[in-house]
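Protein chains in written order, with the working numbering: chain A, 1 to 140; chain B, 1 to 140; chain C, 1 to 140; chain D, 1 to 140; chain E, 1 to 140; chain F, 1 to 140.
In case anyone wonders, no lab produced these hints; they're calculated from the structure.
As the structure is a prediction and not an experimental result, all values here were calculated from the model.
Hints are supplied without guarantee of correctness; some may be wrong.
Said to hold, decoys possible - Simulated coverage check for chain C against chain A, where a stretch passes if three residues somewhere in it have a Cβ under 8 Å from a Cβ of chain A:
no. : region
1   : 3-10
2   : 51-65
Unchecked claim - With a Cα cut of at most 27 Å, we get these calculated DSSO-like pairs of lysine-lysine:
no. : chain 1 : residue 1 : chain 2 : residue 2
3   : F       : K32       : C       : K111
4   : D       : K125      : D       : K115
5   : A       : K124      : A       : K111
6   : B       : K124      : B       : K106
7   : C       : K115      : C       : K125
8   : E       : K106      : F       : K106
9   : A       : K106      : C       : K124
10  : C       : K125      : A       : K106
11  : A       : K125      : D       : K124
12  : B       : K125      : F       : K106
13  : E       : K32       : D       : K32
14  : A       : K106      : B       : K32
As the list claims (entries may be wrong) - Computed spacing ranges between beta-carbons, pair by pair:
no. : chain 1 : residue 1 : chain 2 : residue 2 : range
15  : E       : G31       : B       : K115      : 47 to 55 Å
16  : C       : G109      : D       : D62       : 23 to 31 Å
17  : F       : S22       : B       : G31       : 57 to 65 Å
18  : C       : T117      : B       : G31       : 40 to 48 Å
19  : C       : S24       : F       : A20       : 38 to 46 Å
20  : C       : D67       : A       : K115      : 39 to 47 Å
21  : F       : Q132      : B       : K115      : 21 to 29 Å
22  : D       : E72       : F       : E139      : 36 to 44 Å
23  : B       : D23       : D       : G140      : 53 to 61 Å
24  : C       : K111      : D       : E25       : 53 to 61 Å
Where is the CB? At the ideal position from N, CA and C, for every residue including glycine.
There are 6 protein chains.
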Amino acid sequence: MVYLTRRYHFSASHRLHSDALSDSENTQLYGKCNSPHGHGHNYVLHVTVAGPVDPSTGMVMDITLLDRVVEEEVVERLDHTFLNLDVENFRHVVPTTENVCLEIFKLLGDKLGSKVTRGFPRLKKILLEETQSNYFEYEG
Amino acid sequence: MVYLTRRYHFSASHRLHSDALSDSENTQLYGKCNSPHGHGHNYVLHVTVAGPVDPSTGMVMDITLLDRVVEEEVVERLDHTFLNLDVENFRHVVPTTENVCLEIFKLLGDKLGSKVTRGFPRLKKILLEETQSNYFEYEG
Amino acid sequence: MVYLTRRYHFSASHRLHSDALSDSENTQLYGKCNSPHGHGHNYVLHVTVAGPVDPSTGMVMDITLLDRVVEEEVVERLDHTFLNLDVENFRHVVPTTENVCLEIFKLLGDKLGSKVTRGFPRLKKILLEETQSNYFEYEG
Amino acid sequence: MVYLTRRYHFSASHRLHSDALSDSENTQLYGKCNSPHGHGHNYVLHVTVAGPVDPSTGMVMDITLLDRVVEEEVVERLDHTFLNLDVENFRHVVPTTENVCLEIFKLLGDKLGSKVTRGFPRLKKILLEETQSNYFEYEG
Amino acid sequence: MVYLTRRYHFSASHRLHSDALSDSENTQLYGKCNSPHGHGHNYVLHVTVAGPVDPSTGMVMDITLLDRVVEEEVVERLDHTFLNLDVENFRHVVPTTENVCLEIFKLLGDKLGSKVTRGFPRLKKILLEETQSNYFEYEG
Amino acid sequence: MVYLTRRYHFSASHRLHSDALSDSENTQLYGKCNSPHGHGHNYVLHVTVAGPVDPSTGMVMDITLLDRVVEEEVVERLDHTFLNLDVENFRHVVPTTENVCLEIFKLLGDKLGSKVTRGFPRLKKILLEETQSNYFEYEG
Numbered sequence: 001m002v003y004l005t006r007r008y009h010f011s012a013s014h015r016l017h018s019d020a021l022s023d024s025e026n027t028q029l030y031g032k033c034n035s036p037h038g039h040g041h042n043y044v045l046h047v048t049v050a051g052p053v054d055p056s057t058g059m060v061m062d063i064t065l066l067d068r069v070v071e072e073e074v075v076e077r078l079d080h081t082f083l084n085l086d087v088e089n090f091r092h093v094v095p096t097t098e099n100v101c102l103e104i105f106k107l108l109g110d111k112l113g114s115k116v117t118r119g120f121p122r123l124k125k126i127l128l129e130e131t132q133s134n135y136f137e138y139e140g
Numbered sequence: 001m002v003y004l005t006r007r008y009h010f011s012a013s014h015r016l017h018s019d020a021l022s023d024s025e026n027t028q029l030y031g032k033c034n035s036p037h038g039h040g041h042n043y044v045l046h047v048t049v050a051g052p053v054d055p056s057t058g059m060v061m062d063i064t065l066l067d068r069v070v071e072e073e074v075v076e077r078l079d080h081t082f083l084n085l086d087v088e089n090f091r092h093v094v095p096t097t098e099n100v101c102l103e104i105f106k107l108l109g110d111k112l113g114s115k116v117t118r119g120f121p122r123l124k125k126i127l128l129e130e131t132q133s134n135y136f137e138y139e140g
Numbered sequence: 001m002v003y004l005t006r007r008y009h010f011s012a013s014h015r016l017h018s019d020a021l022s023d024s025e026n027t028q029l030y031g032k033c034n035s036p037h038g039h040g041h042n043y044v045l046h047v048t049v050a051g052p053v054d055p056s057t058g059m060v061m062d063i064t065l066l067d068r069v070v071e072e073e074v075v076e077r078l079d080h081t082f083l084n085l086d087v088e089n090f091r092h093v094v095p096t097t098e099n100v101c102l103e104i105f106k107l108l109g110d111k112l113g114s115k116v117t118r119g120f121p122r123l124k125k126i127l128l129e130e131t132q133s134n135y136f137e138y139e140g
Numbered sequence: 001m002v003y004l005t006r007r008y009h010f011s012a013s014h015r016l017h018s019d020a021l022s023d024s025e026n027t028q029l030y031g032k033c034n035s036p037h038g039h040g041h042n043y044v045l046h047v048t049v050a051g052p053v054d055p056s057t058g059m060v061m062d063i064t065l066l067d068r069v070v071e072e073e074v075v076e077r078l079d080h081t082f083l084n085l086d087v088e089n090f091r092h093v094v095p096t097t098e099n100v101c102l103e104i105f106k107l108l109g110d111k112l113g114s115k116v117t118r119g120f121p122r123l124k125k126i127l128l129e130e131t132q133s134n135y136f137e138y139e140g
Numbered sequence: 001m002v003y004l005t006r007r008y009h010f011s012a013s014h015r016l017h018s019d020a021l022s023d024s025e026n027t028q029l030y031g032k033c034n035s036p037h038g039h040g041h042n043y044v045l046h047v048t049v050a051g052p053v054d055p056s057t058g059m060v061m062d063i064t065l066l067d068r069v070v071e072e073e074v075v076e077r078l079d080h081t082f083l084n085l086d087v088e089n090f091r092h093v094v095p096t097t098e099n100v101c102l103e104i105f106k107l108l109g110d111k112l113g114s115k116v117t118r119g120f121p122r123l124k125k126i127l128l129e130e131t132q133s134n135y136f137e138y139e140g
Numbered sequence: 001m002v003y004l005t006r007r008y009h010f011s012a013s014h015r016l017h018s019d020a021l022s023d024s025e026n027t028q029l030y031g032k033c034n035s036p037h038g039h040g041h042n043y044v045l046h047v048t049v050a051g052p053v054d055p056s057t058g059m060v061m062d063i064t065l066l067d068r069v070v071e072e073e074v075v076e077r078l079d080h081t082f083l084n085l086d087v088e089n090f091r092h093v094v095p096t097t098e099n100v101c102l103e104i105f106k107l108l109g110d111k112l113g114s115k116v117t118r119g120f121p122r123l124k125k126i127l128l129e130e131t132q133s134n135y136f137e138y139e140g
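Construct the entire structure; sequences and hints are all you get.
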C-alpha cells in the first residue's frame, strides 16, 4: 500500500458564528473570528489516497483524474467565496476549518468512491491548513 | 548600513471592485476576485528598516518598539477584517494588495518617522505576500 | 474524530553530554553537539489533539485554551533558555530532542488531561522540529 | 516509542514510459511526463525510524549512522542521475515516484535491518516529495 | 513605483557540459552536474515587474496578462524538457541556471516590452531558484 | 551582471549583553535575550556574489570554491558554538545578528577578495535569518 498526497490551494473568507449560541457566547468563544463581515485565509488542502501500485503503470492512481475531481468538487465550489453566504452547506453549519474538512471529505469520498476498482484507490485522509499556525486532519 | 526585516501576519478578506469601472469591466478585469461577498488571504508582511548599528547595543533598532508600532498601526487595524467595509481607507479605494502596501507604508512611515534620531532608523521597504504565488514591494 | 494541530515556536540552547558515558564516548557519540558551552536551535513544536467536532461550536477544542496551556507549560518554561542549566528536568537528563519530546508530552498530557470532558479532546501527538533536517514524534 | 525523521535531498531526472503500454497509451496516461528525453525534480526524502529512547544516550538511533546508510544506499546511487538509464533497478521498472519509494524502502530496510539490536531502531516509513504539489509515503 | 512579483514552477533536466572545455575540464568544473544523461530540478521562477499603481484599477499590471505571457513564453517552452536537447537555445549554450536566467529575461523582455504603455509596467527582475541551496537573479 | 546566492546553515547560541550598559539597562533592552546562560537559533545564511557570466563555463563563479570558502571561514567557525565564549570576535562585541552579519561579511570579503580576477566575482550581500520572524542584510 502506497499513499499519494496532492496539495491544492483555495482562498476564501468565513465568519465564525453559531446559531446555537447567544451573541455574547459567540463573541467570547470565537473572538476576532466572530467579526461581522468575516475575514479570510489561503487554505492549503492535502488529499491523500491509498492503494497498491499498479504494476503496468507504476502508479497508485491517475493524478489527472484526482486533480479533475478535486477541482470540480472542491476548488471550484470554495475558491474565492465567502463560505457562509456562497456555499450552500455552510448556510446553517459554522464554517470552522473542522467543518470544512468534514465537508470536503464527504464531497471527495462520494465522488472518488464511484471511480474505484476492487476497493482502490481509496480516499485516506484530508489535511487542511488554515494558517501557518494550525491545520486539521480527518480520516473518515 | 544594515537592513533589519521583521515578518508579521494578518488574515483579512477583500473584494476587488472599482467604482471607476462598469460592472462588466469589473468582472472582466478582476475575475473571481470581484465575487460579491469577497474572499480572503493570510497576508505576510515584511517590514524593513535601515540604519547604522549602534555600537553600544549592537542593534539597528529596538525590535520591541518596531513590533509595538506595527501591531498598533497595522495588525490591529487590518487583522480579521473585511477590508472594504471595516477599514476606513478602503471604503473608496480598491483594496488590491498594491493599495494595501501603499497604505501600510504611509501608516508606518508617519509613525516611525516620529521616533527617529538623526534620520535613523528609516523605514526602507514594505513587502506584502498575498498568496504563495505573488507578493508586492514598495519603497516610498 | 478530527485532529487539530497548532504550531508553536521557541528558541533554546542545549549541550548533549551524558553522565552515563565517559568523555571520549560523549565526544564520539555526540560530535559537535558535545561542544562544552552548548549551541542552539529554533524549535518548532506541533501539538495535535483529537476529538469529535462539537456540533454547537464546530470545534474540536477551544484554541484559546490550548494556546494558554502550551504557553504556560512549555513555551514560558523552555523559550530563551539553556536547557541543561535553566530547566529543572534537564539537569540530570540529556536534553536530546527525543527527551525534550517526552518531557513536553508529559507536561501537556497532565495539564490537558485535567480539562477534558468524557475523554475528549485528547492529546494525540507531539512533533518537534529541531532543524530543517530532522524532527521527532511521540504519541504517548 | 519515539519516531525520528531525517530529511535528505537529491536531484534526478526520469521519463515515465511503460513497456507494458502502447505508445499512445503512454502519451495519454503520462502526458508531459512521457516526453522522450525526460525531465527532472529536486526530490526531498524523509526517512523515519522508530524505537525506544536509549536511557544512556537519550537517542532513538545514532544519527551519524543513519546518515551514512542513507548517503551510501540512496543518495550516492540516485543523485544527479537519469533514473531510467543510470540506475539498474529502473531499466525495466517505470521510475514513478511510487516505484522510487518502494525501491528506497527496500534498499534501506535491508541495510538498517542488519544494524538492529533486539528489533530496534526499525525503519518505519519513507516519504518522498516529488514537487511542491505531491508526495508519496510507504510503510513496508 | 510598486513591484509586483509572481512565482511560476517548471520541472526540467539539464546536463552541464561546455563545448569550449575538454572532457577532463568539464568533469573537474561541473562534477556530478556533468553526468552524461543529465539530472533535473524543480525550478521556481519569480518574475518582477515595476510600475505605478493605476488609480482606476489599483493594479500595477493585469496579472492575467502576465500569467499568459509567462506561460506561453517560458513555462510551455521549458517545462518537462531536457533543456540541452529539447530547447533550441541550449543546443549550443550550456544550460547553467545563469544562462537560463538570461534566456528567460530576454524572452519575457521582448514580449512584455511590446505590451507597455508609456514605459510601464516594466520587467524589473528574474529570480530563478534551482534548488533549496541556490538561486540566481538578473535585472537586465 | 548576474547575482548568485547560496544558502548555508549553522546552529549556535548567544547571549545579548553589552558591557556598555548597566545590568538593568541590559535587562530592559534585551529582555529574554539577556538570559544569563544564553539561548540559540538555527541561522540561515544567504551569500550573494555578483559578476558577469563567463561565456565558456556559463557560470558567475565556481560554486565549489564558494562553498569551500564559506565552510572554512564561517560555518566551521560559528556552527555548534556559544558565540559569546567560543568565537574570538564576540568576546567584546555583542553577538546580535546585526554584528554577526558584519563579521561574516568581513570574513568572506577578505577571503573572496583575494580570489578575484578583474574585480569579479564580487561579494554583493549577506542575508542572515535568525528566526522565522526576522532577518538582517548587509551590503558592505
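Going down the list of hints, with the structure as the test:
no.: 1; hint: 3-10; in the structure: holds (count 5)
no.: 2; hint: 51-65; in the structure: holds (count 10)
no.: 3; hint: F:K32 to C:K111; in the structure: holds, 25 Å
no.: 4; hint: D:K125 to D:K115; in the structure: holds, 17 Å
no.: 5; hint: A:K124 to A:K111; in the structure: holds, 14 Å
no.: 6; hint: B:K124 to B:K106; in the structure: holds, 12 Å
no.: 7; hint: C:K115 to C:K125; in the structure: holds, 17 Å
no.: 8; hint: E:K106 to F:K106; in the structure: violated, 35 Å
no.: 9; hint: A:K106 to C:K124; in the structure: holds, 24 Å
no.: 10; hint: C:K125 to A:K106; in the structure: holds, 25 Å
no.: 11; hint: A:K125 to D:K124; in the structure: holds, 19 Å
no.: 12; hint: B:K125 to F:K106; in the structure: holds, 25 Å
no.: 13; hint: E:K32 to D:K32; in the structure: holds, 26 Å
no.: 14; hint: A:K106 to B:K32; in the structure: holds, 25 Å
no.: 15; hint: E:G31 to B:K115: 47 to 55 Å; in the structure: holds, 52 Å
no.: 16; hint: C:G109 to D:D62: 23 to 31 Å; in the structure: holds, 28 Å
no.: 17; hint: F:S22 to B:G31: 57 to 65 Å; in the structure: holds, 60 Å
no.: 18; hint: C:T117 to B:G31: 40 to 48 Å; in the structure: holds, 46 Å
no.: 19; hint: C:S24 to F:A20: 38 to 46 Å; in the structure: holds, 42 Å
no.: 20; hint: C:D67 to A:K115: 39 to 47 Å; in the structure: holds, 41 Å
no.: 21; hint: F:Q132 to B:K115: 21 to 29 Å; in the structure: holds, 26 Å
no.: 22; hint: D:E72 to F:E139: 36 to 44 Å; in the structure: holds, 41 Å
no.: 23; hint: B:D23 to D:G140: 53 to 61 Å; in the structure: holds, 59 Å
no.: 24; hint: C:K111 to D:E25: 53 to 61 Å; in the structure: holds, 58 Å
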